[in-house]
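J.: Here is how the chains run, residue by residue.
Number of protein chains: 2
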Amino acid sequence: MTTSTLQQNLRWRYAVKKFDDQKVVSENDLETILDAGNLTASSFGLQPYRFVVVKDQSLQEKLVPVSWNQNQVAEASHVIVIAIRTNLDHDYMSSYVAMMESQRDMPKGSLDPYLDMILGTVGKMDDEMIGAWATKQAYIALGSMLAEAADLRIDSCPMEGFLPDQYDQILGLADHQLRSTLVLPIGYRAEDDKHQHYKKVRKPLDEMVVRVGS
Amino acid sequence: MTTSTLQQNLRWRYAVKKFDDQKVVSENDLETILDAGNLTASSFGLQPYRFVVVKDQSLQEKLVPVSWNQNQVAEASHVIVIAIRTNLDHDYMSSYVAMMESQRDMPKGSLDPYLDMILGTVGKMDDEMIGAWATKQAYIALGSMLAEAADLRIDSCPMEGFLPDQYDQILGLADHQLRSTLVLPIGYRAEDDKHQHYKKVRKPLDEMVVRVGS
Numbered sequence: 001m002t003t004s005t006l007q008q009n010l011r012w013r014y015a016v017k018k019f020d021d022q023k024v025v026s027e028n029d030l031e032t033i034l035d036a037g038n039l040t041a042s043s044f045g046l047q048p049y050r051f052v053v054v055k056d057q058s059l060q061e062k063l064v065p066v067s068w069n070q071n072q073v074a075e076a077s078h079v080i081v082i083a084i085r086t087n088l089d090h091d092y093m094s095s096y097v098a099m100m101e102s103q104r105d106m107p108k109g110s111l112d113p114y115l116d117m118i119l120g121t122v123g124k125m126d127d128e129m130i131g132a133w134a135t136k137q138a139y140i141a142l143g144s145m146l147a148e149a150a151d152l153r154i155d156s157c158p159m160e161g162f163l164p165d166q167y168d169q170i171l172g173l174a175d176h177q178l179r180s181t182l183v184l185p186i187g188y189r190a191e192d193d194k195h196q197h198y199k200k201v202r203k204p205l206d207e208m209v210v211r212v213g214s
Numbered sequence: 001m002t003t004s005t006l007q008q009n010l011r012w013r014y015a016v017k018k019f020d021d022q023k024v025v026s027e028n029d030l031e032t033i034l035d036a037g038n039l040t041a042s043s044f045g046l047q048p049y050r051f052v053v054v055k056d057q058s059l060q061e062k063l064v065p066v067s068w069n070q071n072q073v074a075e076a077s078h079v080i081v082i083a084i085r086t087n088l089d090h091d092y093m094s095s096y097v098a099m100m101e102s103q104r105d106m107p108k109g110s111l112d113p114y115l116d117m118i119l120g121t122v123g124k125m126d127d128e129m130i131g132a133w134a135t136k137q138a139y140i141a142l143g144s145m146l147a148e149a150a151d152l153r154i155d156s157c158p159m160e161g162f163l164p165d166q167y168d169q170i171l172g173l174a175d176h177q178l179r180s181t182l183v184l185p186i187g188y189r190a191e192d193d194k195h196q197h198y199k200k201v202r203k204p205l206d207e208m209v210v211r212v213g214s
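For the record, the sequence lines run as chains A and B.
For reference, each letter of the first sequence is one residue, going 1 to 214 in this note's numbering.
For reference, each letter of the second sequence is one residue, going 1 to 214 in this note's numbering.
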């Protein structure tokens, strides 16, 4: 099988256990990774999340004990927190559709049928359902950013293991109407991170795939 | 800002409304997209999903009415269904860890502490929790496959809008201990799909990003 460059870079990627705390991701690369997050597909295009970038040694150290003591959040160049919006109400949805009309130079109101469809589905969810819906969208964004980071040969370590309430408090996320959902430290692997030498473990592709039909 | 190739390809991507039903994705490109799914990060590395590839005109047509009548599933070259496993029990977890030991040439039992950690967290979830956990992992895989497809300039249309029970029945997924979770038709955009000309709508990046710290 011919391999693509991205595929090779996804194979190069691993969950870094120790970052080189002297190396810093450039502002341009950081923006590229964030932009990959912003370009992610989301349900109805509603982008129910934001990306919180933490670049502050003292704050990053405060995050360690609320991240199952995973020291990567302190050593990483930047910590990206994918946070879902807590204000996903009808106002949010109608202003989003108004933005679509504006960006596409469409007359105001032309996307009313689309807005009605959104309000008739996502708009009818209760708080718990909408939180679960938004969270799933955040995971797609994680997939995009992991791919973009790998493609730039920037290391990362995606994390679900942290205390969201503590993150929200330390980072002041309630003020932004956000709730932390996923954590993605980025940077460069330390030379002595022995995990980089471990064989990547995956089920063989033919066990992962089920072919149906002809 | 300098842009990366992947970033340009993510910008090129859109949710295809009409595929060219004469164009077929090559087996090599299909495998590359599936491999990107297989290389996805997942919680504890457990890969709680499989990828169901549907390539059968009559089956694909049966999927249309259970996909909110979205005709893309019939016109696409292939339909990839990301399906979560329904057998995520202690046996699955211990055989996964045994596979890790085997792929890394480690003595049997060396990863027992890792297995204990898995059994103490994911292993303690009830059916509903573990389904939600596995579903979130499937969304990361969607992000990876969307990125890889775009990077190969293959079109796609990610879908949450379908009836999972009907999909499971039509595709016989219960026999594989699978439950359909996300649908990803892939192929090539039809020349007359006017959506390809619409401006991509996204919130400006500076509105999406919150900077915390210095």
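Hints may contain errors.
If the Cβ cut is set under 7 Å, some of the chain B residues that face chain A in the computed set are [unchecked claim]:
(1) Gln7
(2) Met106
(3) Leu119
SDA-like cross-link-like pairs, simulated, lysine to any residue; straight-line CA separation at most 20 Å [to be verified]:
(4) Lys200/B - Pro107/A
(5) Lys17/B - Leu115/A
(6) Lys199/B - Met100/A
(7) Lys200/A - Trp12/A
(8) Lys194/A - Thr3/A
(9) Lys17/A - Lys55/B
(10) Lys199/A - Lys55/B
(11) Lys200/A - Lys108/B
(12) Lys200/B - Arg153/B
(13) Lys124/A - Lys200/B
(14) Lys203/B - Asn87/A
(15) Lys62/B - Arg179/B
(16) Lys55/B - Gly45/B
(17) Lys203/B - Trp12/A
Okay, the calculated beta carbon distance ranges per label pair [as the list claims (entries may be wrong)]:
(18) Gly161/A - Ser110/B: 41 to 47 Å
(19) His90/A - Asn69/B: 22 to 28 Å
(20) Ala98/A - Ser110/B: 39 to 45 Å
(21) Asp206/B - Asp89/A: 18 to 24 Å
(22) Leu205/A - Met106/B: 28 to 34 Å
(23) Gln196/A - Met125/B: 42 to 48 Å
(24) His90/A - Leu205/B: 24 to 30 Å
Hints in this document: simulated from the structure, not taken from any laboratory.
From a predicted model like this one, the values you see are computed outputs, not experimental measurements.
Ideal Cβ placement from N, Cα and C applies to all residues, glycine included.
J.: A separate judgement is required for each hint: does it hold in the structure or not?
T.: Here is what the structure says about each hint:
Taking 7 Å as the C-beta cut-off, the interface hint given for Gln7/B holds, the closest approach to chain A being about 6 Å. At a threshold of 7 Å, the smallest CB-CB gap from Met106/B to chain A is about 10 Å, leaving the interface hint violated. At its closest, the beta carbon of Leu119/B sits 16 Å from a beta carbon of chain A; the interface hint therefore is violated under the 7 Å criterion. For the hint linking Lys200/B to Pro107/A, the alpha-carbon distance of about 17 Å falls within 20 Å, and the restraint holds.
This hinted pair checks out: Lys17/B and Leu115/A have alpha carbons roughly 18 Å apart, not beyond 20 Å. At most 20 Å may separate the alpha-carbon atoms for a hinted pair to count; Lys199/B and Met100/A meet this at roughly 9 Å. This hinted pair checks out: Lys200/A and Trp12/A have alpha carbons roughly 9 Å apart, not beyond 20 Å. Proximity of Lys194/A to Thr3/A is assessed by CA-CA distance (about 26 Å); at most 20 Å being required, the pair is judged violated.
With a C-alpha separation of about 40 Å, the suggested pair Lys17/A and Lys55/B falls outside the 20 Å cut-off, and the hint is violated. Distance restraint check for Lys199/A and Lys55/B: the Cα-Cα separation of roughly 33 Å exceeds the 20 Å cut-off, and the hinted pair is therefore not satisfied. Between Lys200/A and Lys108/B the alpha-carbon distance is near 18 Å, which keeps this suggested pair within the 20 Å criterion. Among the hinted pairs, Lys200/B with Arg153/B is consistent with the structure: their alpha-carbon atoms are about 16 Å apart, no more than 20 Å.
With a C-alpha separation of about 26 Å, the suggested pair Lys124/A and Lys200/B falls outside the 20 Å cut-off, and the hint is violated. Of the pairs offered as hints, the one joining Lys203/B and Asn87/A holds, with about 16 Å between alpha carbons and a cut-off of 20 Å not exceeded. A C-alpha spacing of about 18 Å is found between Lys62/B and Arg179/B, which places the hinted pair at or below 20 Å, so the restraint holds. Taken as a hint, the Lys55/B and Gly45/B pair is broken in the structure, with Cα atoms around 29 Å apart against an allowance of 20 Å.
Our distance criterion of 20 Å between C-alpha atoms is broken by Lys203/B and Trp12/A, whose separation comes to about 31 Å. Between Gly161/A and Ser110/B the Cβ separation comes to about 22 Å, which falls outside the hinted range of 41 to 47 Å. At about 26 Å, the CB distance of His90/A to Asn69/B agrees with the hint of 22 to 28 Å. Look at Ala98/A against Ser110/B: about 58 Å separates their beta carbons, and that is not inside 39 to 45 Å.
Separation of Asp206/B from Asp89/A is about 23 Å and conforms to the stated range, judged on CB atoms against 18 to 24 Å. The beta-carbon spacing between Leu205/A and Met106/B, approximately 22 Å, falls outside the hinted interval of 28 to 34 Å. In this structure the supplied range 42 to 48 Å is violated for Gln196/A paired with Met125/B, their Cβ-Cβ distance being about 31 Å. As the Cβ distance of His90/A to Leu205/B is approximately 25 Å, the hint placing it in 24 to 30 Å holds.
Checked against the numbered hints above, the structure breaks hints 2, 3, 8, 9, 10, 13, 16, 17, 18, 20, 22, 23 and satisfies the rest.
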